[in-house]
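There are 2 protein chains.
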Amino acid sequence: MTVSAGNEPGSWNTLSSEYLYRRPWLTMRQDRVRLPNNRIIDEYYVWEFPPWCNVVALTKTGEFVLIKQYRHGIGMVHYEIPAGVHDQPEESLLEAARRELLEETGFGGGRWSPLMKLSANPALQDNISHTFLAEGVEKIGKQSLDATEEISVHLATREELRTILRKGGMIQALHVAPLLKYLMDTEQ
Amino acid sequence: MTVSAGNEPGSWNTLSSEYLYRRPWLTMRQDRVRLPNNRIIDEYYVWEFPPWCNVVALTKTGEFVLIKQYRHGIGMVHYEIPAGVHDQPEESLLEAARRELLEETGFGGGRWSPLMKLSANPALQDNISHTFLAEGVEKIGKQSLDATEEISVHLATREELRTILRKGGMIQALHVAPLLKYLMDTEQ
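Chain order of the listed sequences is A and B.
The opening residue of the first sequence carries number 1 in my numbering; numbering runs sequentially from there.
The opening residue of the second sequence carries number 1 in my numbering; numbering runs sequentially from there.
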């Protein structure tokens, strides 16, 4: 199945590393690296983040728990799945995902399992996004948002979700991919 | 289908903007923003990038054209689809995608159509990734790589691609999502 000459790509060797920023919301590193062909890149930037987690959550009646949130990078609102950061050492990834679902939507309970691991950008950032599948969740509380969060909650049937995905209603690749995977895995 | 109180989330208002970096490979902005609830965030960081493009390319015999490349952010090699940056004003997005496929793999020709638009991170970066579908491509030339690129080319049948995706052989969400979409759209 390999059609190119030679071996698999080799790793780079980090010769030195310097932090340009270490602020609460911004950790940026500049590496000097040597490539397998001995070429040197003097300025290679990497953003460091804690692991991220998100949830494909389904209610007992088979509806997907979606949210909408303004995202300032692209300046737009789209559908998303509940998601957050795993930045509390006493929490497991699963606990962080459960907490985010509850805080952002008030939904909880259900049967949880790992669904997928992805990277938003394996070239430029160092963290992995862990998606969990939560089946049979129900409304068990109220939203509990940070002062900087404004999140609306939406329940979508399987058919509504397919329409949202087909019409570009969801744009975050870390959310689209696990939803498509779930839909494909459970196709009748 | 909306279950939360209130309206859809509102946009933020950018009060001031300052560029922390404007280097060839790093454009980083710090915004001061006002939220709909009048709360102010003094330091909100956005990375600006040109549009990205990538290609779900299929040969005349129905094999997917995949590549492998070391990615320094996570320090690993995974399967990817051919991809690049749309940074030449005289090129269209489609032309940039065709050029990247040819440079990275030597494959070209075929029938091209838009498949999907995604964001790697709508909160933190401003650009969109445009995926094209290229059907019926064939080997028309040699790889033509930059001195910093080391890319191996792999052809995968539909079944091999499904195995790669199922086993975590591909991690870049911008690549996984359009492949899953294509597989779902063309499911027999």
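Because the hints were derived from the structure by calculation, they are not lab data.
Take the hints with a grain of salt, since some may be wrong.
Claimed, not checked - The list that follows gives simulated cross-link-like pairs (lysine to aspartate or glutamate, EDC-like), each with its CA atoms no further than 20 Å apart: (1) K167/B <-> D185/A; (2) K167/B <-> E8/A; (3) K60/A <-> E8/A.
As the list claims (entries may be wrong) - In silico contact screen, one side only, chain A against chain B (beta carbon under 8 Å); selected entries: (4) P9; (5) N13; (6) L15; (7) Y19; (8) L26; (9) T27; (10) K68; (11) Q69; (12) G75; (13) L102; (14) P114; (15) A120; (16) P122; (17) L124; (18) L180.
Note that the structure is predicted; figures quoted are calculated from it, not measured.
Glycine residues also receive a C-beta, built at the ideal position from the N, C-alpha and C atoms.
Quick rundown of the hints versus the structure:
1. K167/B <-> D185/A: The hint holds at about 13 Å.
2. K167/B <-> E8/A: Roughly 18 Å separates the two Cα atoms, so the pair holds.
3. K60/A <-> E8/A: 46 Å, violated
4. P9: Where the cut-off is 8 Å and the nearest Cβ of chain B is about 4 Å from P9/A, the hint holds.
5. N13: The hint is violated - N13/A has no Cβ within 8 Å of chain B, the shortest such distance being about 10 Å.
6. L15: Cβ of L15/A sits 12 Å from chain B, so the hint is violated.
7. Y19: With a minimum Cβ separation of about 14 Å from chain B (threshold 8 Å), the hint on Y19/A is violated.
8. L26: 5 Å, holds
9. T27: This interface hint is violated because 11 Å lies over the 8 Å limit.
10. K68: 6 Å, holds
11. Q69: It holds, given that the least Cβ distance between Q69/A and chain B is near 6 Å, below 8 Å.
12. G75: Check passed: Cβ of G75/A comes within 7 Å of chain B, closer than 8 Å.
13. L102: Violated. Min distance 14 Å.
14. P114: This interface hint is violated because 11 Å lies over the 8 Å limit.
15. A120: 5 Å, holds
16. P122: 4 Å, holds
17. L124: Holds: closest Cβ of chain B sits about 5 Å from L124/A, inside 8 Å.
18. L180: 4 Å, holds
Hint violations for this structure: numbers 3, 5, 6, 7, 9, 13, 14, all remaining hints satisfied.
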